[in-house]
Amino acid sequence: MGFRTKSTIMDADQIRRAVKRVAHEIVERNLGVDGVIVVGIRRRGVFLAQRIAECLQNIEDQAVPIGALDITLYRDDFQVKTSNPVVGTTEIQEDIHDKVIVLVDDVLYTGRTVRAALDELIDFGRPKQIQLAVLVDRGHREFPIKADYVGKNVPTSETEIVEVHLTELDGCDEVILGERQS
Amino acid sequence: MKLDKKDLLGLEGMSAEAIELILDSAASFKEISERPVKKVPVLRGKTVVNLFFEPSTRTQASFELAEKRLSADTVNISKESSSVVKGETLRDTAENLQAMKIDLIVIRHSAAGAPHFLANLLDASIINAGDGAHEHPTQGLLDIFTLREKLGGLRDRKIVIVGDITHSRVARSNIFGLVTLGARVTLCGPPTMMPPGITRLGVEVEPDLRRAVADADAVNVLRIQLERQKVNLFPSVAEYANLYGVDRHIVARMKPEALIMHPGPINRGVEISQEVADSDRAVILEQVTNGVAIRMAVLYLILEGVQREPSLGEEETAEEVEARSKVV
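If you read the sequences in order, they're chains Z and W.
Under our numbering, the first residue of the first sequence carries the number 1, and numbering increases by one thereafter.
Under our numbering, the first residue of the second sequence carries the number 1, and numbering increases by one thereafter.
Excised from the complex, chain Z in its bound form (with noise of 0.2 angstroms):
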C-alpha cells in the first residue's frame, strides 16, 4: 500500500500560530492556567502539547504541568488489528484530580483514540474537567466527541490521509493531505 501526497495543508508558519492561537483560547476559556494539565497523546500529540505548554507559559507567565498518554493498552482494536505499535510509557506525574486536562492530539478522526485516552486518564483518577485540543479536525466522527480546540478543520473524505510531521520527530514542521494507493 503506498501513499500519494496531494497538496500541504499548513506549513510550518500556520502550525506555529494556530499552537499559539489555541493556547490563547485554552487560558481565555479557564480564566488563565491555574489547575491546568497539558496532556498529549503519543506520538505527536506529546510534541504539540509541548509547545502549547511553552504558550501558556509565555502568557500567563506561569508553569504548566505537562503528562503524556500511551493509548495503546486502552485501544478498542486488539482484537481485530493485525499488529499493533511497540507499547510506550504513559507519564502522568501530576494528581489530575479536580484539575482541568486539556487532551492534546494531533489528529482528530473518527474519535476512537480519544476514547482510549479519556478511559486511561480516569485511571488516574477524577479531574474536573478534561477538554480537547486538536491541530486538525479531519471530520468522519464514529464516537460522540468534539475538539474544544481545533487548529484547523479540514474537510476529507475517507480515502484520504492527513500526516502530520512535526520537527521533533520529522524533522520539519507541516500538515499533508495524501491518498492511500493500492
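For the record, the hints were derived by calculation from the structure and aren't laboratory data.
Be a bit skeptical, because a hint or two may be false.
As the list claims (entries may be wrong) - Each pair of labels, with its calculated beta carbon distance range:
| # | chain 1 | residue 1 | chain 2 | residue 2 | range |
| --- | --- | --- | --- | --- | --- |
| 1 | W | Val205 | Z | Arg126 | 55 to 63 angstroms |
| 2 | Z | Gly2 | W | Leu201 | 42 to 50 angstroms |
| 3 | W | Pro36 | Z | Glu168 | 25 to 33 angstroms |
Remember, predicted model here, so these are calculated numbers, not experimental data.
No residue lacks a Cβ here, since even glycine has one placed at the ideal position from N, Cα and C.
Since the structure of chain Z is provided, determine the placement of chain W on it from the hints.
The following block gives chain W in isolation, referenced to the frame of chain Z:
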C-alpha cells in the same frame, strides 16, 4: 517487529530483536504498577490458567498479578489441588482445560520439556514458568531487563553466574539471553555442579569465585537447590558457603558499582550472606518488581501475536504503520 510464536518456551534460539522487543515493552508496562489504578483493559475477556506442578510463591504471584493488571481472567491450579493426585495425566489435564476455551497456560513442571509437549498438543498459547533444569525464560528476561536498566546495555558487559549451574534453569535462560545480546558470561561453581561442555554455549568457566568476580559488572547468585540433588554434590553446606558463598570478602574484591542479583528464594548464609543480600549493591527486590513488568509484556505480546492472521508474516513498511495509525 513482532513475536512470531504462539508460545514462550525458552530463550534458546530467540533473536536479539525479539528479546529487545520484550525488554522495551516491559519498560512501558512497568509504569502501570505505579498507578493508583493498577490495571489496563487490554486482555479483557482472555482466560489464563496458571498450572503449577511445583511450589512457587514469587513466580506464581508475579504471573497472576501481571495477568490481573492486564485484565485477563485467571485460574490457578496446583498439583496438590488438582486431579493429578488422582492419577490424571498432564495430557488429559491440558485437554480438559482447552475444552473450557482458555487462551493461555502458564506452566511450571519438574519435567524438562513439559511446556513443549503442551505447546504441540494445544492451540492455546503456552508460557514456560520453569521446566525441570531446562529453562525459566521469564526469569532470564527479568534478570536481563534489570541488568540493562542498571548498566545501560549488555554488550561486552561481564556477568558472572555462580552456583549450581547443572541444575539451574535460571542459569540456562540467562546464558542464552545474555550471550545473544553480546554480554560476556562467566560461570562459577563446584566442578560437580558444572555441566561438561558448557563452554560450547559461548561462556567461560572460572572455578575460583575470587577471580571470577574481580572485573564483573554483575554477579547473579543462584540458589542451592537441595531439593533437586539426588546425590550430595558438595561435602557440606558450610563448605559450599565458604568456597562459593558471596559474602563481604567477595564483595570487597568486586568493582564498587558491580551489582548483586539473586532469583530467590534466598538461602541466607549459604550462597549469599545476610549482609550482602540486604546491602545497597543487591538489586534482588528490583528484580521482583521488574518480573511483573516482564510477564505483562510477554503475556501482551504473545496474545497480541495470536490475534494476527497467520498469512501476515511480513513486516509493515513505515508508511503503512503511519497510514494505519491515522485510521485509528
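To see whether the hints hold, each was checked on the structure:
no., hint, in the structure
1, W:Val205 / Z:Arg126: 55 to 63 angstroms, "58 angstroms, holds"
2, Z:Gly2 / W:Leu201: 42 to 50 angstroms, "45 angstroms, holds"
3, W:Pro36 / Z:Glu168: 25 to 33 angstroms, "30 angstroms, holds"
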